[in-house]
Amino acid sequence: MLEIKNLHASVGDVEILKGVNLSVNAGEVHAIMGPNGSGKSTLANALAGHANYKVTAGSVTFDGKDLLAQPPEQRARAGLFLSFQNPIEIPGVRLDHFLRAGLNAVNKSKGLEELDVLKFDRLIAKKVKVVEMDRAFARRAVNEGFSGGERKRSEILQMAVLEPKLAILDEPDSGLDVDALRVVSEGINELRSPERSLLLITHYQRILSYVVPDFIHIIVNGRFVRSGGKELALEIEAEGYDKYTEAAGAPAGE
Amino acid sequence: MTTQNIPVSNLDQYIAAFEGLEQNGAAQDPAWLRQLRLDAFHRFTELGFPTARRGNEEWKYTDVGPLAKTAFQSPASTAVPVLDFQSVQPFTYGGATGNRIVFVNGAYSESLSSVARHPESLTLAPFSQALSLDGDLVQRHLGKNADYKEQAFVALNTAFLHDGALVHVPEGAVVEEPVLILHLSADGKDTVTHPRTLVVAAKDSKVTILESYGGLADGAYFANAVTEIILEPGAEVRHYRMQRQSEQAYHVATTSVTLSEGSSYTSVALDMGGKLTRNNLNALVAGEGASCVLNGAYLVTGRQHVDNQVIIDHASPHTTSRELYKGVLDGRSQAVFHGSIIVQRGAQKVDAKQEDRNLLLSDHCEADTRPAFWIYADDVKCAHGASSGKLDDDALFYLKSRGLDEQEARSLLTKGFVHDITATIAHESIRAHTEAAVSGWLEKL
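One line per chain: the protein sequences are W and C, in this order. Offset between the first sequence (1-based) and my numbering: plus 250. Offset between the second sequence (1-based) and my numbering: plus 171.
Calculated directly from the structure, the hints in this document are not laboratory data. Wrong hints could be hidden among the right ones.
[Stated by the list, open to error] Distance condition first, Cα-Cα at most 20 Å in a straight line; then the derived SDA-like pairs of lysine to any residue: (1) W:LYS255 with W:ASN271; (2) W:LYS268 with W:GLU278; (3) C:LYS586 with W:PRO341; (4) W:LYS358 with C:GLU614.
Working from the sequences, and respecting the hints, build out all of it.
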């Protein structure tokens, strides 16, 4: 489903990703773990198409098509979703209005039915339950005045509505207390399916005991330095990233 | 004539029009009104039109030269077109109310109006009826709030004051259904109308006023409106305004509001039309505990020019004002916001806040914001904020990452930007209609 080959990306003049290779098949969950500044968020944003993250070399195909040639909205319509680490506040724009516009843009591009307000209302009433929120939550302005936990729930809710093929979750666990972590994790698990792949980016092992990955990759200084099964998480939990960062030199900066 | 003004170059034309008015039925008006017109006309000839020259702060950014040079004609009274309600629907806030008074080319349209005469709750009447039936009330207030002695456009309006709308809400009355006052210009080119409105909200009354201006024909017509609103003690007036003149039109509107003790006034204005729009909103907060909220959004594109001049005069202690204006500018448009707050001597514990925010959708538009404070009391709270900026790139990316294209993302963010203004409209269907008007504007960009 996703093929990343020798991906190099820069922010401004600083190269952050220095040759990332990754192959993700349908239904797989890949966790990407690494210390602060290793390039985790750069990978997420470069895949989603943020203009500040410039790909300087390498290739990415998604469903056999060149992903990097597509503008962000086309990537989204093709089924790629990014759950943002720090999603931005959009005052004056209701979450449900925003989501209906997004879903209809995706549906329209696929020749599917666009949902009117009533149909979407029924859909969102169902989907808010995935993150244990009520309907009123989706009537609030996007992220405005949201707590850290509400922001993460909102991102997972968006994923639940858009039903992407590939979801890149950029630290969905950061800043969450135990209860919120459980809700967010269960929300993610509910969306796991044989057709949907997940790239779960995290600093900590904690979430991986809820959302159990098929593969774990350790990223340090812009490169994957080790890949393995879910047991790798426990090793990181016990030993930290030190032995990798020392081997790789200074961190690349996020 | 003051040095800040230019003399009326086509004075003969104005004199002819003034004399024409007297011959066209206005001679039947009461003597006091004829005298008021005459005084105002004299004053207009003395004042002339204001100039955009340096030093004339109030008109520095807005050039009314082309307007001053045009020989506008009064619309021929025989040419008032017959309209059905359907054709004026876009200007009626969705046709939401049965209390409405409609003027077409300055003339009262009986067929489009649905006026009211309920002495215990509401009087809504054209001056042509009110001058005989409510003569004392009209005489007591008309021309007393909007200052024709200093403001040229008010003088011009008052000089040609003949018909207009009276809204009177008697003491203690609560009018649930909004009152619509609609002024339409139906034949475009080079005609002038002087819409006039008088609202008197008696002690402890409540009313919602919808004031709407629209053009049914293209062309460089000129609407020069004056609205006077009097709030007696404890009265509550919500005033929603919408201006959708044709793209070639000149629209000058002066709204003078006088607030007595414990009264509250809310104004939410939406300006979308006009080639040149100038709004003067003057609130005299003249009673303890009175408060006003003055909000507005202006949406301009092409070569449109919109200028909002808001003066809040806190003449009494313990009064508050909140002012939020937001502009969306595209093309080569220009917007001016000049907000003045005056706190009179002895007006302690005044709490005033003013904000003007502009969203620039193109590189060629220009927003000029000028806050001004004259504070003659020492125990007051006054704050202001201003900004101009483009849409946020990260916000655009966020929306696109969910599948919205550039146009959809910009439109949704822009609607969100204006939302704080429309959200202050208390009446749900009026708010929905106003939001729909904003969406309609955005779709045409």
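If you check each hint against the structure, which ones fail?
2
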